[in-house]
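Enquirer: Start from chain A and add chain B according to the hints.
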Amino acid sequence: MLVSELKPFDEILHSLDGESTIFLLGCHGCAEASHTGGEEEVRAMKTSLEEAGKTISSWTVLDFLCQKALIKTGLQPFKGQILASDSVLVMCCGVGVQAAAAAVDTIIHPACNTLSMGGAQGEWRGSERCEECGDCLLDFTGGICPITACTKSLINGPCGGAKDGRCEHQPDVRSCGWQLIYERLQKLGRLDKLAEIHTVRDHAKAEPPKALRSTTFWALEQAKE
Amino acid sequence: MKSGSNLEQVLTEGHFAVTSEIGPPKGTSADFVRKTAEHLKNCCDAMNVTDNQTAIVRMSSLAACAILRQMGIDAVTQMVTRDRNRLAMQSDILGAVALGIRNLLCLSGDHQKFGNHPTAKNVYDVDSIQLAQMVKTMRDEGLFMSGDKISGEVPIFIGCAANPFADPFEFRVLRLAKKIRAGADFIQTQAVFDVPRFSAWMEMVRDEGLHEQTHILAGIIPMKSAGMARYMRKYVAGLMIPDDLVTRMEHAQDAKEEGIAIAVELIEQMRDIPGVRGVHIMAVAWEEVVPEIVERARLLPRPIV
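Protein chains in written order, with the working numbering: chain A, 320 to 544; chain B, 275 to 579.
In case anyone wonders, no lab produced these hints; they're calculated from the structure.
Hints may be right or wrong, so weigh each one.
Derived DSS-like pairs (lysine-lysine); straight-line CA-CA distance at most 27 Å [stated by the list, open to error]:
{"#": "1", "chain 1": "B", "residue 1": "LYS395", "chain 2": "A", "residue 2": "LYS524"}
{"#": "2", "chain 1": "B", "residue 1": "LYS410", "chain 2": "A", "residue 2": "LYS482"}
{"#": "3", "chain 1": "A", "residue 1": "LYS482", "chain 2": "B", "residue 2": "LYS508"}
{"#": "4", "chain 1": "B", "residue 1": "LYS300", "chain 2": "B", "residue 2": "LYS423"}
{"#": "5", "chain 1": "B", "residue 1": "LYS410", "chain 2": "B", "residue 2": "LYS423"}
{"#": "6", "chain 1": "A", "residue 1": "LYS387", "chain 2": "A", "residue 2": "LYS506"}
{"#": "7", "chain 1": "B", "residue 1": "LYS423", "chain 2": "A", "residue 2": "LYS524"}
{"#": "8", "chain 1": "A", "residue 1": "LYS512", "chain 2": "B", "residue 2": "LYS410"}
{"#": "9", "chain 1": "B", "residue 1": "LYS276", "chain 2": "A", "residue 2": "LYS524"}
{"#": "10", "chain 1": "B", "residue 1": "LYS387", "chain 2": "A", "residue 2": "LYS482"}
{"#": "11", "chain 1": "B", "residue 1": "LYS395", "chain 2": "A", "residue 2": "LYS482"}
FRET-style restraints, in silico, Cβ to Cβ [to be verified]:
{"#": "12", "chain 1": "A", "residue 1": "ASP336", "chain 2": "B", "residue 2": "GLN487", "range": "25 to 33 Å"}
{"#": "13", "chain 1": "A", "residue 1": "LYS512", "chain 2": "B", "residue 2": "ASP414", "range": "38 to 46 Å"}
{"#": "14", "chain 1": "A", "residue 1": "LYS512", "chain 2": "B", "residue 2": "GLU287", "range": "33 to 41 Å"}
{"#": "15", "chain 1": "B", "residue 1": "VAL331", "chain 2": "A", "residue 2": "GLY484", "range": "51 to 59 Å"}
{"#": "16", "chain 1": "A", "residue 1": "LYS398", "chain 2": "B", "residue 2": "GLU539", "range": "55 to 63 Å"}
{"#": "17", "chain 1": "B", "residue 1": "ALA362", "chain 2": "A", "residue 2": "HIS347", "range": "39 to 47 Å"}
{"#": "18", "chain 1": "A", "residue 1": "GLU502", "chain 2": "B", "residue 2": "ASP517", "range": "23 to 31 Å"}
{"#": "19", "chain 1": "B", "residue 1": "ARG480", "chain 2": "A", "residue 2": "PRO396", "range": "50 to 58 Å"}
{"#": "20", "chain 1": "A", "residue 1": "GLY508", "chain 2": "B", "residue 2": "GLU531", "range": "47 to 55 Å"}
{"#": "21", "chain 1": "A", "residue 1": "GLY484", "chain 2": "B", "residue 2": "LEU574", "range": "53 to 61 Å"}
{"#": "22", "chain 1": "B", "residue 1": "LYS423", "chain 2": "A", "residue 2": "ALA403", "range": "33 to 41 Å"}
{"#": "23", "chain 1": "B", "residue 1": "ARG572", "chain 2": "A", "residue 2": "GLU447", "range": "31 to 39 Å"}
Nothing here was measured: the structure is a model prediction, and the numbers come from that model.
Idealized CB from N, CA, C, for every residue including glycine.
Next comes chain A alone, as it looks inside the complex (with noise of 0.2 Å):
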């Protein structure tokens, strides 16, 4: 399971700013299970960001939203909401907000910090997506992870390496993730989102307590000792 949690509520409305119409989005999946993203925290986030004078367009909270193909389809009947909105907020694990971003062409705010994927990639198993760092960044990066994305995980910015939107790394099958990056905001209208300096990360967010860096299965199998 991959656990998350919320972020602080003010983190989330500081990332709302100048936008006045969103869309929320939870999951049935793990989110659900860790309680930051079912259909009860969509509610009381509904209700709290009403409260901040946000206006809702509507909600769903669809199955895995770590499966790129079932977002889709999922937000189907949702689609003219979702193009009045601003944005969507994603209350989830960070593949599935990833996952969130590349199934539509809006800007999407992470509502929550993964903490743990615990042993699983969720059900976008293209690749590495989330290295759950406990502190998520797709606010600023248009939804693309700068610490998976980047052979660096550098979270300010490109190094200087990248040659042909390439990383100089693995030119032949890495791009450059802050080229990627770059190109999202860009299509987004959101470049200003780079201006922002990132302080050093917090890496003790990154280590949680072992059973939460396991499947479900490790319980039962340290319960047979």
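Expert: Chain B alone, transformed into the frame defined by chain A:
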């Protein structure tokens, strides 16, 4: 004065600055450092020492800079965040100040894959922008990153790199702006060969008024041979060498002389670009050529401040 370093004084007084650079030995010889530095001593305002450049292990920049200080040279310690975490960096900065070092260049560093320890774990606990921010906090507020108080002053002139030639091009100016906000007092750029692209970048820099908020020194690498030109064009990450310069090197009767001539021309072109405050000459493993280049570029003698 933020640091009182020679480089800071030269730049503050409005002189066109010249910095240079040495690569320390893959060994323990202090004499090697002294001999190399001797070539450059009178033709630059400050001397960088690279920090495990291209991820190849060499004598530490800090130690080599301490030797330069003994020779009365203003040293620029380079520090890459690839090899150290925040504890190691802060303690090295305290040590650098204690040894009389007043300039620090904050870099992220080449990926370890390109060096002689490709199986190493990189650190990147902190990136180059955060390092600049950290040094600024240490200097201006007297605080460690943790918020604890530092005993004594941390007079450091903070430098950062900029690469106008890497992708994405439009991001490059934005990133420079971030580095300035983080604390960069001076900037040393990647080597310039493609003057039109550099000029286009400088125009964007001036449009944002960034040239007035920091001192930009343009990077110059003298080419020793046509082979070196081809090699750099092909393999050095983030470097752009126009074909006509490579052709010039290939057709030259005396390649070294041609390389020097090109370097001198580039310096002269840099002086004509508004907002460029100096040059940074990187003749690593060819340090002895620097005095001639600086002289032919009519930048001698260096100002005494």
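Enquirer: For every hint, state whether the structure bears it out.
Expert: Now for the hints, and whether the structure bears them out:
1. B/LYS395 with A/LYS524: holds, 20 Å
2. B/LYS410 with A/LYS482: Violated: B/LYS410 and A/LYS482 sit about 31 Å apart, past 27 Å.
3. A/LYS482 with B/LYS508: Roughly 11 Å between the alpha carbons, so the hint for A/LYS482 and B/LYS508 holds.
4. B/LYS300 with B/LYS423: Between B/LYS300 and B/LYS423 the Cα gap is close to 37 Å, so the pair fails against 27 Å, i.e. violated.
5. B/LYS410 with B/LYS423: holds, 14 Å
6. A/LYS387 with A/LYS506: holds, 20 Å
7. B/LYS423 with A/LYS524: Roughly 25 Å separates the two Cα atoms, so the pair holds.
8. A/LYS512 with B/LYS410: holds, 24 Å
9. B/LYS276 with A/LYS524: Roughly 35 Å separates the two Cα atoms, so the pair is violated.
10. B/LYS387 with A/LYS482: holds, 16 Å
11. B/LYS395 with A/LYS482: Roughly 24 Å separates the two Cα atoms, so the pair holds.
12. A/ASP336 with B/GLN487: 25 to 33 Å: holds, 26 Å
13. A/LYS512 with B/ASP414: 38 to 46 Å: Violated, at about 27 Å.
14. A/LYS512 with B/GLU287: 33 to 41 Å: holds, 39 Å
15. B/VAL331 with A/GLY484: 51 to 59 Å: Between B/VAL331 and A/GLY484, where Cβ atoms are some 31 Å apart, the hint is violated.
16. A/LYS398 with B/GLU539: 55 to 63 Å: At roughly 59 Å between Cβ atoms, B/GLU539 and A/LYS398 fall inside 55 to 63 Å, so the hint holds.
17. B/ALA362 with A/HIS347: 39 to 47 Å: Taking Cβ atoms as reference, B/ALA362 and A/HIS347 lie about 46 Å apart, which means the hint holds.
18. A/GLU502 with B/ASP517: 23 to 31 Å: holds, 28 Å
19. B/ARG480 with A/PRO396: 50 to 58 Å: holds, 51 Å
20. A/GLY508 with B/GLU531: 47 to 55 Å: Cβ of A/GLY508 to Cβ of B/GLU531: about 52 Å, so the range 47 to 55 Å holds.
21. A/GLY484 with B/LEU574: 53 to 61 Å: Violated, at about 42 Å.
22. B/LYS423 with A/ALA403: 33 to 41 Å: At roughly 53 Å between Cβ atoms, A/ALA403 and B/LYS423 fall outside 33 to 41 Å, so the hint is violated.
23. B/ARG572 with A/GLU447: 31 to 39 Å: Cβ of B/ARG572 to Cβ of A/GLU447: about 55 Å, so the range 31 to 39 Å is violated.
Hint violations for this structure: numbers 2, 4, 9, 13, 15, 21, 22, 23, all remaining hints satisfied.
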